[in-house]
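Chemist: Let's have the full structure, built from the sequences with the hints guiding it.
Chains as they are written, first to last, in my numbering: chain A, 1 to 356; chain B, 1 to 356.
Note that these hints are calculated values from the structure, not bench results.
Treat the hints with care, as some may be off.
Copies of one chain are not kept apart here, so a pair can be met inside one copy or by any two copies together.
To be verified - Here are the computed lysine to aspartate or glutamate pairs in the DMTMM-like style, where the Cα-Cα straight-line distance is at most 25 Å:
| hint | residue 1 | residue 2 |
| --- | --- | --- |
| 1 | LYS2 | GLU24 |
| 2 | LYS102 | ASP229 |
| 3 | LYS310 | ASP129 |
| 4 | LYS2 | GLU19 |
| 5 | LYS134 | ASP248 |
| 6 | LYS134 | ASP275 |
| 7 | LYS108 | ASP347 |
| 8 | LYS108 | GLU210 |
| 9 | LYS105 | ASP347 |
| 10 | LYS23 | ASP248 |
| 11 | LYS102 | GLU227 |
| 12 | LYS105 | ASP229 |
| 13 | LYS108 | GLU227 |
| 14 | LYS105 | GLU227 |
| 15 | LYS123 | GLU257 |
| 16 | LYS102 | ASP248 |
There are 2 protein chains.
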Amino acid sequence: MKVFNFNAGPAMLPASVMERAQKEFCNYNNTGCGIFEHSHRGAAFQAVLDKTNQNIRDVYGVPENYDIVYIQGGASMQFAMIPMNLMQGAADFVDTGTWSSKAMKEAKAFGEVRLAASSKETKYDHIPDFSEWKLSDDASYVHITSNNTIYGTQYRTFPKTKAPLIADMSSDIMSRRVNVADFGMIYAGAQKNLGPSGLALVIIRKDLVERTPANVPTMLRYSTYTENDSLYNTPPTFGIYMIGLVTDWLKEIGGMEAIEKMNEEKAALLYNAIDASNGYFSTPVKKDSRSLMNVVFRLPTEELEAKFIKMATENGMIGLKGHRSVGGVRASIYNAMPREGVEKLVDLMENFRKNN
Amino acid sequence: MKVFNFNAGPAMLPASVMERAQKEFCNYNNTGCGIFEHSHRGAAFQAVLDKTNQNIRDVYGVPENYDIVYIQGGASMQFAMIPMNLMQGAADFVDTGTWSSKAMKEAKAFGEVRLAASSKETKYDHIPDFSEWKLSDDASYVHITSNNTIYGTQYRTFPKTKAPLIADMSSDIMSRRVNVADFGMIYAGAQKNLGPSGLALVIIRKDLVERTPANVPTMLRYSTYTENDSLYNTPPTFGIYMIGLVTDWLKEIGGMEAIEKMNEEKAALLYNAIDASNGYFSTPVKKDSRSLMNVVFRLPTEELEAKFIKMATENGMIGLKGHRSVGGVRASIYNAMPREGVEKLVDLMENFRKNN
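Modeler: Next up, the structure:
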């Protein structure tokens with residue numbers, strides 16, 4: 001049975017990417033060994049790195065005054081690296097869920113954490129309206145989480161801020177068009193839309209890397225990565241290679257415009273099924289903040305939720321359990337989830353509702 | 001043509017491991033998706049993690065009062081994490097090459113770096129005799145590099161130290177029997193003897209993780225990893241899976257005793273070829289410090305070295321160029337290099353000497 005993997009991350013990758021990686025696993029490009037058996041300083045890997053950088057620049061529209069680097073430790077390491085490198089006194093934070101809160105917690109060791117806006121009081125059911133944000137004049141940066149995996153909310157647009165806007169895009173990186181120039185820095189753990197876990201993609205405006213205080217360790221300085229093209233030490237070569245294949249695939253299918261349309265259509269299928277269920281399925285998320293990546297919903301009872309998730313698993317749809325902190329059902333439908341998988345899930349929802 | 005990969009790291013992995021990983025790449029254990037598409041909190045990956053931990057404990061003889069964790073950033077990140085967590089005032093360092101020096105450089109931001117011994121004056125051609133070490137009474141730890149990839153030296157035995165002995169074993173981890181209880185901590189970037197790049201294996205005595213000052217960021221504290229079984233955030237799941245397969249293989253072939261014997265025999269083939277060449281091949285390394293992992297040698301001229309490396313490449317032996325900082329030839333013969341590869345290299349050496 002074909003399995004559709006709705007895990008929130010690590011998540012599924014495009015089938016054609018997985019097949020290609022499998023085919024050349026032991027013999028990359030006819031070199032007689034796998035890509036991650038190659039030296040990171042050799043021609044084979046350098047070509048992979050160059051291509052991956054260029055793919056991201058082309059597909060995502062990254063301007064020349066931004067560097068693209070790969071840093072180990074995922075988004076959680078960025079929660080510490082950002083204030084360590086860029087916080088000079090204070091920074092503004094918008095709290096839209098668990099990951100925003102974690103970023104704030106880590107920053108407290110390095111300066112004053114100011115809460116510009118929050119949806120905590122309503123259980124993170126929306127993205128606070130920009131008009132309500134209290135931004136400070138002397139903030140080093142403004143930190144946001146573009147998509148909230150656990151609560152199923154997503155920024156539909158981004159504000160223009162005076163201080164550099166820094167966005168954790170771990171769960172919606174390269175899923176839609178963004179104007180990179182609106183941000184000081186974009187970062188994302190790879191394991192949802194880009195590749196295997198084990199690295200964060202960091203897109204950073206060149207002037208920001210100059211800010212780092214002198215006493216920050218080498219491996220925790222952005223300049224170590226930007227000045228050495230991510231090759232100061234051995235980078236996670238397999239992860240970068242996989243991001244290269246995923247971005248090849250994004251180019252092939254038509255880039256950001258095409259994937260954005262596909263993602264909108266997939267999400268609409270699910271939200272329409274929820275909205276048309278007369279309350280049998282319901283989502284706590286406000287309409288204007290609904291995530292196109294993580295569709296969270298409830299059934300009338302927890303027993304029915306458990307039964308639904310079990311039935312889905314039996315029908316080859318795995319990873320649908322909501323995050324342990326909120327319960328319910330969560331369908332993570334990142335770039336790699338084919339429309340076919342979403343249609344199958346919608347069919348199950350409709351059949352389940354009739355029979356339960 | 002079968003290719004033998006003598007790269008210093010990332011390096012080759014056992015052929016049977018690569019073939020198994022390829023076979024189950026898109027469908028791990030009949031789950032319908034690849035292992036790194038699985039949630040790190042799901043049953044499939046938890047079983048991989050548990051097995052990998054147990055393999056390392058069994059094969060390497062890790063006592064119960066040590067934790068085994070996986071940390072992103074490679075050995076270079078450990079150069080900062082060790083002093084950040086464990087340095088309380090001062091620590092002793094033995095300088096046996098580039099990587100030792102880098103570890104010392106990073107530690108300087110966190111306390112007093114004391115040089116206990118060094119072979120720098122003789123171009124790192126040996127491991128300083130333990131009787132010459134100047135250890136201090138109040139050192140937080142003693143830091144050494146067990147095998148020096150660039151200079152081709154290796155500790156044949158380890159000293160008993162009063163302060164906890166911390167060893168960077170990046171290039172000889174699990175290549176021979178060691179008494180783990182002699183160390184406070186052993187760490188190793190994975191990309192030589194264990195798996196793909198992108199993580200360090202850290203084996204740490206449980207009492208040491210208590211030392212960390214309160215202001216160290218979450219992702220840089222050892223306790224974050226030991227208290228959460230490496231699952232505080234998403235770990236590098238593919239890398240851990242590959243270490244699981246490599247340690248399965250180590251168990252199958254007979255564990256540390258068997259691999260130690262194989263590694264001694266492989267190295268002896270090469271050193272014998274060098275010693276029997278009447279000076280045509282020569283190694284700068286003193287006999288009692290010769291590495292079993294990285295055999296470095298010179299030919300009469302740089303032109304002949306270039307010709308030799310070129311001829312080796314044409315005959316399917318790649319990655320033999322010495323590190324750019326020292327030149328010459330370097331044959332990295334880690335666990336996964338089969339005896340057949342070393343024999344082929346020795347044959348080439350003998351033929352080359354006759355004809356050049």
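Chemist: All hints, please: hold or fail.
Modeler: Taking the hints in turn, this is what the structure says about them:
Proximity of LYS2 to GLU24 under the C-alpha cut-off of 25 Å is found in both arrangements, the shortest distances being 23 Å within a copy and 15 Å between copies. For a Cα distance limit of 25 Å, the shortest separation of LYS102 from ASP229 across copies, 19 Å, qualifies, whereas the shortest one inside one copy, 28 Å, does not. In this assembly of identical chains, LYS310 and ASP129 lie within 25 Å of each other by CA distance neither inside one copy nor across copies; the values are 38 Å within and 64 Å between. Within a single copy, LYS2 and GLU19 get their C-alpha atoms as close as 14 Å, and across copies as close as 23 Å, so both meet the 25 Å cut-off.
Within a single copy, LYS134 and ASP248 get their C-alpha atoms no closer than 41 Å, and across copies no closer than 56 Å, so neither meets the 25 Å cut-off. When the C-alpha separation of LYS134 and ASP275 is checked against a cutoff of 25 Å, the pair qualifies neither within a copy, at 34 Å, nor between copies, at 74 Å. For the homomeric pair LYS108 and ASP347, neither the shortest alpha-carbon distance inside one copy (47 Å) nor that between copies (62 Å) is at most 25 Å. In this homomeric assembly, LYS108 and GLU210 come within 25 Å of each other (Cα to Cα) both inside a single copy, at 21 Å, and across copies, at 22 Å.
Proximity of LYS105 to ASP347 under the C-alpha cut-off of 25 Å is found in neither arrangement, the shortest distances being 42 Å within a copy and 60 Å between copies. In this assembly of identical chains, LYS23 and ASP248 lie within 25 Å of each other by CA distance both inside one copy and across copies; the values are 16 Å within and 23 Å between. Within a single copy, LYS102 and GLU227 get their C-alpha atoms only as close as 29 Å, which misses the 25 Å cut-off; across copies the closest is 18 Å, which meets it. In this homomeric assembly, LYS105 and ASP229 come within 25 Å of each other (Cα to Cα) only across copies, at 22 Å, whereas the closest approach inside a single copy is 30 Å.
For the homomeric pair LYS108 and GLU227, the shortest alpha-carbon distance between copies (22 Å) is at most 25 Å, but the shortest distance inside one copy (28 Å) is not. In this assembly of identical chains, LYS105 and GLU227 lie within 25 Å of each other by CA distance solely across copies; the values are 19 Å between and 29 Å within a copy. Taking the shortest Cα distances, LYS123 and GLU257 never come within 25 Å of each other, neither inside one copy (32 Å) nor across copies (57 Å). With identical chains, the CA atoms of LYS102 and ASP248 are never at most 25 Å apart, being 33 Å at best within one copy and 37 Å at best between copies.
Checked against the numbered hints given earlier, the structure breaks hints 3, 5, 6, 7, 9, 15 and 16 and satisfies all the rest.
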